[in-house]
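Following the hints, put chain E in place on chain C, whose structure we already have.
Those sequence lines, one after another, are chains C and E. So for the first sequence, this note's numbering puts the first residue at 33; every next one is plus one. So for the second sequence, this note's numbering puts the first residue at 2; every next one is plus one.
Zero decoy hints are in this set.
Derived, one-sided and incomplete: chain C residues facing chain E with beta-carbon distance under 8 Å:
{"hint": "1", "residue": "Met73"}
{"hint": "2", "residue": "Gly74"}
{"hint": "3", "residue": "Leu75"}
{"hint": "4", "residue": "Phe122"}
{"hint": "5", "residue": "Glu135"}
{"hint": "6", "residue": "Gln136"}
{"hint": "7", "residue": "Phe138"}
{"hint": "8", "residue": "Gly139"}
{"hint": "9", "residue": "Pro140"}
{"hint": "10", "residue": "Gly141"}
Keep in mind the hints are simulated off the structure, nothing from the lab. Just so you know, even glycine gets a beta-carbon here, dropped at the ideal spot from N, CA and C.
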Amino acid sequence: NAGVTQTPKFRILKIGQSMTLQCTQDMNHNYMYWYRQDPGMGLKLIYYSVGAGITDKGEVPNGYNVSRSTTEDFPLRLELAAPSQTSVYFCASSPQGAGGIYEQYFGPGTRLTVT
Amino acid sequence: DAKTTQPTSMDCAEGRAANLPCNHSTISGNEYVYWYRQIHSQGPQYIIHGLKNNETNEMASLIITEDRKSSTLILPHATLRDTAVYYCIVRARNTGTASKLTFGTGTRLQVTL
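Just chain C, same shape as in the assembly (with noise of 0.2 Å):
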C-alpha cells in the first residue's frame, strides 16, 4: 500500500491564482481530512469528510473548497489564494474502528507558498 499520497509537493501561487492540491488514500478508509501547519504551529484542520459524498467544516474552512467522489480521493480547492493561505497542508486518513477508536495516517504534505 502506498498510503496516504499528496501532489505536488511543492507550490508557488501568485495572489488571485486557483489550484487544487490532489490527496489519494488507498487504505479503503472512510474518513480523511485536510490540516494546514503554519511554521512553528500545530496543525488546523480545515475540512473532513466521514464517506464518498459527505464533507464538513473544520476549524478554518474559508478560502478553501473540498469534494468527495470517491473513497480514494479528497482534493483541497483554493480559491482567489492569499498570502494568509501559504502553509504546509497535510491530508489524513482513517479507519473506522471498533469503538470508534483509529489513528490517522498523514500524507507527506504539500508546502504552498502564496506571493
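The following block gives chain E in isolation, referenced to the frame of chain C:
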C-alpha cells in the same frame, strides 16, 4: 476536547529513555489520550493511545496517572531518528462524526549523541 499542556522542548541522550510529560487536568471520563509525532518536514505519525490503563507497543509506552490528569510517553531507547515534535492530544471516543484531532504546539525532542 480537553486542553493539554506540554513542555516546549526537551533533550535526551541517545540510548537513554525519553520521558515526555503531558498535563490534561480537564480530561473527561470518555476522553482518550493520543500521542503523535512529526519528524521535520514530514506528516505526523501516530504513536500510541490510551484511556486509563498503561499501554505499550513497538514504538513506545504510555503511562497515564490514576486520576488521568497527566500522562507520560516513554521512548525506551531513544535514537537520533526519534528527534521530532511530539504532540499529546486528548479527544473523546468517536460518536459517529469524524475523529477531529486538535494539535497544539507539542514538545520538540532533541536526541543527541
